[in-house]
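S.K.: For what it's worth, full-length UniProt numbering labels the leading residue of the sequence shown as 1, then goes sequentially.
Careful, some of the hints might be misleading.
[What the hints assert, rightly or not] With a cut-off of at most 20 Å between alpha-carbon atoms, the simulated SDA-like pairs for lysine to any residue come out as follows: (1) K476 with T544; (2) K231 with L210; (3) K265 with C300; (4) K252 with H297; (5) K487 with Q422; (6) K542 with K476; (7) K239 with V333; (8) K299 with S332; (9) K313 with T281; (10) K428 with E394; (11) K239 with S329; (12) K252 with K239; (13) K231 with Q343; (14) K43 with S332; (15) K265 with Y296; (16) K313 with L217; (17) K234 with Y219; (18) K234 with S214; (19) K443 with P475; (20) K487 with E425; (21) K239 with E261; (22) K395 with G439; (23) K251 with K239; (24) K252 with Y296; (25) K43 with C289; (26) K470 with V502; (27) K160 with F97; (28) K487 with G452; (29) K313 with R353; (30) K239 with T281; (31) K239 with G267; (32) K428 with I385.
Because the hints were derived from the structure by calculation, they are not lab data.
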Amino acid sequence: MIYSILIGLANRLGLFIVIAYLLSRNKAFKNLILKQEVSVLDKILLSAIFGAFGILGTYMGIPVYGALANSRAVGVIIGGLLGGPFVGFLSGFIAGFHRWAIDIGGFTAFACGLSTFTEGTIAGILHVRLNKGRINWKVALAVGMALELLQMVIILLVAKPFWAALELVRVIWFPMTTVNAIGIAIFIALVENIFREQEKAGAYQAQLALDIASETLPYLRQGLSEFSAYKTAKIIYEKANYDAVAITDDKKILAHIGAGEDHHKAGLSIQTQATRKVLATGEFQVASCKEDIECYHEKCDLKSAVIVPLMEKDRVIGCLKLYRTRGNSITSVDIRLAQGLAQLFSTQLELSRMEHQARLLAKAELRALQSQINPHFLFNALNTIISICRRDPEKARTLLVHLGEFFRKNLSTGRETVPLEQEIEHVKAYLAIEQARFGDRLKVVFDLESIGGVMVPPLILQPLVENAVKHGIFPKREGGTVIIRAKRVDGGVELTVADDGVGFDEATIEEILYKEGPTDRIGLFNVNRRLENLYGPQSRLKITSKPMLGTAVRFFIPTAVSKWGEVDGAYSTAGR
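Based on the sequences and whatever the hints tell you, model everything.
M.R.: Listed below in structure tokens is the structure:
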């Protein structure tokens, strides 16, 4: 008899497994299992599903000694393990009450009803202790066997007469414990597969987040505005499976794409308490129903949303909102995607702020250079011109033109880059005055390849040339030569200012470039900082110098530069 019961229960278990498989493929059931927050209505629905499993197990039972060998406990134990105490309690009550009600007065009716309720309740308690339903099939098998053995104990304790209960348990304990535990393990294995699919979806979402971040980068690096928010929201809406996407700042809606865009318009103040809470606390919120979204429009289709903060350092500057038109449909995958996007966007916005500050710094350093017109240079230049006036008025007039041109270019503002030809003309104006002072002691050589179309920061060469004249050539009794060279290299232009003057040691180079020392060479430090801020480490000044042998200062200007001041593609290292 035991063998025939075992085979009969196993055959009936096949139908359970088919139903379990179909459920595991059902999208609505998957959403119930995967939800981050399960509502009371969801719990009641799960209780009804697993309670119905229990009832089906009763009707498919095998009559044995006035009782039933059955799989009723499979449904309620699974319900408790997956849904928690509420689902375990309610599904156990549904199936247990039904078992008692269809056989009132039967010698095992109350015992079986009580054991079913007890098994469901204990399974629900185990849900909390066993990682909230994330258990493997081996643990489920052990739990199923333990709870089925508990059912046998309850039957022995409650059912009367005892000798009939004992004979029943002797026959059914092994088939029911074995088959039902295996059924529970198989169902949990199917649920495990749902979670694995979710993890795969999470990996896909991570890749999706990176793709979205890559496409939104050019817009968010302009800062958070209605334009950048609109472009970003549109990219998310087109790439991700959401019914609407919105971005706000800390006061108003910046963009809303998708369902509800006819009344969720840019420029409107923030309406929802959930969004205000995110802005106040910096923690994400999930709106599970239309009431949580708090839309004033009666026919608004938006039913649920995840709202995550956009950060700048430790300050919340706005929110990203992903909407669905079904209530309570935000899963943990949606939350992770929203949080990942928000983190990436926050990083992009922070980079935007840093780049803006770098541009401001570069402009400030340019103004500092423009303000550093050496009064001694002006005094010496005027004295030189005065001394030439009587013996060579035409040359004096030419020098005055050069001096005026030098000051005009030195004080010009408003442009981040100028043509290299213009910068060379500025250098020539400066050198013409210095050559008038030093005469044959200062020789100048220009070695310029084709430089048409090359743009450079203003006042980038003149401080280097002035340094070569003032600190390289002037201290040398016999004078020397300054060479200004422009050479085309892979990806840009290498500019060099070299002299055969007195030179200096390595320690001085370190002070000039990195320690803002000596104060009379602050121009070199500023030039180096400006180049690095605009073009990156590839364009730092490269200084080589040896005492009494001269100095060469080189730097690289990339020719393929985006409007953000970045080199398109990898930094070139050629020619350095």
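S.K.: Check the hint pairing K239 with S329 against an upper bound of 20 Å on the C-alpha distance.
M.R.: holds (19 Å)
S.K.: Can you confirm whether the C-alpha distance between K43 and S332 stays at or below 20 Å?
M.R.: holds (17 Å)
S.K.: Check whether the Cα positions of K251 and K239 lie no farther apart than 20 Å.
M.R.: The hint is violated at about 27 Å.
S.K.: Does S214 sit within 20 Å of K234, going by the straight-line distance between their CA atoms?
M.R.: holds (14 Å)
S.K.: For the pair supplied as a hint, K265 and Y296, confirm whether the alpha-carbon distance does not exceed 20 Å.
M.R.: Given that 20 Å is the threshold and the Cα spacing comes to 13 Å, the pair holds.
S.K.: Taking only the CA atoms, is the gap from K313 to T281 under or equal to 20 Å?
M.R.: Satisfied, since the Cα-Cα distance of roughly 14 Å is no more than 20 Å.
S.K.: Under the criterion that the straight-line Cα-Cα distance not exceed 20 Å, is the pair K470, V502 satisfied?
M.R.: Holds - the C-alpha atoms of V502 and K470 are around 11 Å apart, at most 20 Å.
S.K.: Between K313 and L217, does the CA-CA distance stay at or below 20 Å?
M.R.: Holds: K313 and L217 sit about 18 Å apart, inside 20 Å.
S.K.: Decide if the proposed pair is consistent with the structure: K234 and Y219, CA atoms, cutoff 20 Å inclusive.
M.R.: holds (12 Å)
S.K.: Run the distance test for K476 versus T544: straight-line Cα separation, threshold 20 Å.
M.R.: Between K476 and T544 the Cα gap is close to 18 Å, so the pair holds against 20 Å.
S.K.: If you draw a straight line from the CA of K443 to the CA of P475, is it 20 Å or shorter?
M.R.: holds (15 Å)
S.K.: Does F97 lie within 20 Å of K160 when you go C-alpha to C-alpha?
M.R.: Answer holds: K160 to F97 is near 19 Å, not above 20 Å.
Consistency note: the structure conflicts with the earlier hints numbered 6, 8, 12, 23, 30, 31.
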